[in-house]
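So you can see what is in the structure, the chains are spelled out below.
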Amino acid sequence: MNGITGSTALWYASRATGVVSLLLLTAVVLLGVLVNRQGRLPGLPRFVVTGLHRSISLLSVAFIAVHVITAIADPYVSIRLTAAVIPFTSAYKPFWLGLGAVSLDLIAALIVTSLARAHISRKLWRGVHWLAYAAWPVALAHGVGSSTDLQRGLLLWLAVGCTLAVAGAVTWRLAGAARDVPRAERAAATLAQGRPRPRARLPHEGPASPRRPADYGRPADHRRPATDRLKEADLR
Amino acid sequence: MTYATAAPNLALAPTQPLSPPPGGAAGLPRLLPDRGAVPVDLRTHLGRYGRPPYRGRRRVLIPVMQESGLTGRGGAAFPVHRKLTAVVEAGTRPIVIGNGAEGEPASDKDKALLWISPHLVLDGLQLAAEAVGSQSVGLYVHRSSRLQERLRAALAERTAVGIDRVPVEIIDAPPRFLAGEESALASRANGGAARPAFKHPRVFERGVAGRPTLVQNVETLAHFALIARYGARWFRSLGTAEEPGSMLCTVHQADGTRDVVETVLGTPLRNLLALGDPAQGLGAPSGEAAAAQAVLVGGYHGAWLPASMAARMTLSNAALRPAGGFVGAGVLVALPADRCGIAETARVTRYLALESAGQCGPCFNGLPRIATVLDELAGPRPDRRALADVKRWAGLVEGRGACHHPDGTVRFVRSALQVFRAEIDLHAQGRCTAPRAQPFLPLPADTASTDADWN
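Top to bottom, those sequences are chains F and S.
Under my numbering, think of the first position of the first sequence as 479, with each following residue one higher.
Under my numbering, think of the first position of the second sequence as 51, with each following residue one higher.
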């Protein structure tokens, strides 16, 4: 079995951080969907979901940075800095490394717009954030294609597991989007879920009134029309 | 005539030959004609007030407004001169919009003013536009064809006479409770839905078309037009030192009549509302004032006060704020003793919940829940936990909306829980003091059911 020597350390570091990045990015996507669906993690307050989504995405940036820097620094194959950023310009496995560069650029756009979110329009942020759904599969394809690690054994199952999790989350996201209650109907929808209201009438305490009029809750203006100051009918 | 030197004290004096200021010995009314509700046409208006006293330069009227102490009459009572200054300093090419949306179902005063004295409002709009140097002016009013027709005719007349310097565009307001909220207005004027937005950037910085936008209630603009003519000292001759001037109120008496009156700030509520004799109860012979059990001040985002307390209060924020109320847009309702305050509150809360813009979770989830449980409290033998639930949820929605809708609703509900505490206890035993179950507080027949209802 090969040990890790000085000359192979960078190669191993690059592969390891690549795998960890995949795990972290998967977690970020799952949490992002959970934020969007306003879901919660069991036993945790609501804001934790947003907080974790944010923190883990920044953590994954750190791992991706190490992944890219070690790959460039590793003398075993020569990858230039430009090839890590500009897609499909690498001499070594141009297609698969190109996919890595694409996902790197997409993730950079996501992070930059999110950090600047207070200063840019919500529409722009939202539009860019949709790219997350493109960045993840491109990153996975980069991982599967450029290294044999993910193609067999335990790591293959890990990749399959991540794929299933993300596919499930995206399905949930789309199913939820189809069921979204329009804003104008939201309050009415909540009101309809309320406890059934008691319909019995209250016997009153005061002097007996000859007849009990109609129920409350029916919008009927029983009062005399507005005074001479204002003719209500004129305003309609 | 030129107004090159514009020291504030000079602006205090009438700026052109005028007939004496409106109002008799008592100084009232200022905004509405002396008698009756005959709409004031342009000829009468010009005969009485003359042309709008343009100053020829922007900013000149701002110190006058500062000295007058005029505050917004739409409910928030924000000092007018501060808004003007903020808009002038926020950038160039500002937009001015008169806000006549008046989504509050219990308020009629803006509609009444626009119907009866439209030219005072339109003068104010022109003068406010001059004060901030605006060339784009709008008037935001309900999609009521007759009112809009009249306003269009009034604008055409003014253009024909040549007293308007800037053309006025009429903007449709949907009949929503929140349509008059400043950011909702800006969104509507931009062609979108009349839904409130988060506060940043503020409307006065970037409102309509990304330009600084001055939004003033139409009554505020009418006062503006009069102050520009008769000066700050004249305006301050009525009202209190802190809250000067007069204001329009929509007064709902316990006998079910409803009127728009102009009154002085600081007037005792007793002079406006016939509070009757609560001890006499319901047997009062017809013709006498019906007894009131409670008074709602500030409209449906306002607060209930026991009638005995209201009888000692004056119409001013200084008096009402410590009791949890405020003047707001001048809605005063005396609730007769023969109705159930909790049932009334539940009805209105249900309406307020349905008028949520559906944007902020605490509002569109919380308010309907509160309304449901209030409904339960209005019935016999509610669930033991109901009262505690309302109180807890009220705390959870407060301060968590883009606008003040949850806060205002919670203020209204909390005051009811306090003022009608005895009634709640009675309901727990399965009884109620109210012999009549007919609704009292006015509510519109419809609430929004589709997104198009917000446009």
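It is worth saying that the hints were derived from the structure and are not from the lab.
Nothing here was measured: the structure is a model prediction, and the numbers come from that model.
A portion of the hints provided could be inaccurate.
[Claimed, not checked] Only some residues are given here: those of chain F computed to face chain S with a beta carbon under 7 Å:
| # | residue |
| --- | --- |
| 1 | 606 |
| 2 | 662 |
| 3 | 668 |
| 4 | 672 |
[As the list claims (entries may be wrong)] Here are the simulated distance ranges between beta carbons:
| # | chain 1 | residue 1 | chain 2 | residue 2 | range |
| --- | --- | --- | --- | --- | --- |
| 5 | S | 368 | F | 648 | 37 to 45 Å |
| 6 | F | 587 | S | 210 | 55 to 63 Å |
| 7 | S | 438 | F | 645 | 40 to 48 Å |
| 8 | F | 607 | S | 412 | 22 to 30 Å |
| 9 | F | 612 | S | 471 | 40 to 48 Å |
| 10 | S | 446 | F | 681 | 31 to 39 Å |
| 11 | S | 139 | F | 532 | 47 to 55 Å |
Even glycine gets a Cβ: it sits at the ideal position worked out from N, Cα and C.
Now the hints, each set against the structure:
Hint status for residue 606 of chain F relative to chain S: violated, with the closest Cβ pair at about 20 Å, above 7 Å. A hinted interface residue such as residue 662 of chain F counts as satisfied when its beta carbon comes closer than 7 Å to some beta carbon of chain S; here the least separation is about 5 Å, so the hint holds. Given hint, residue 668 of chain F at the interface with chain S, holds; its Cβ is 4 Å from that chain's nearest Cβ, closer than 7 Å. The beta carbon of residue 672 of chain F comes within 3 Å of a beta carbon in chain S, closer than 7 Å, and the hint placing it at the interface holds.
A beta carbon spacing of about 58 Å between residue 368 of chain S and residue 648 of chain F contradicts the range 37 to 45 Å that was offered as a hint. Separation of residue 587 of chain F from residue 210 of chain S is about 57 Å and conforms to the stated range, judged on CB atoms against 55 to 63 Å. In this structure the supplied range 40 to 48 Å holds for residue 438 of chain S paired with residue 645 of chain F, their Cβ-Cβ distance being about 45 Å. Under the hint 22 to 30 Å, the C-beta atoms of residue 607 of chain F and residue 412 of chain S, about 24 Å apart, fit the expected range.
Taken as a hint, the range 40 to 48 Å is violated for the pair residue 612 of chain F and residue 471 of chain S, whose Cβ atoms sit roughly 59 Å apart. Roughly 34 Å separates the CB atoms of residue 446 of chain S and residue 681 of chain F, a value that falls within the hinted 31 to 39 Å. The hinted window of 47 to 55 Å between residue 139 of chain S and residue 532 of chain F is violated, with their beta carbons roughly 36 Å apart.
Checked against the numbered hints listed earlier, the structure breaks hints 1, 5, 9 and 11; every other hint is satisfied.
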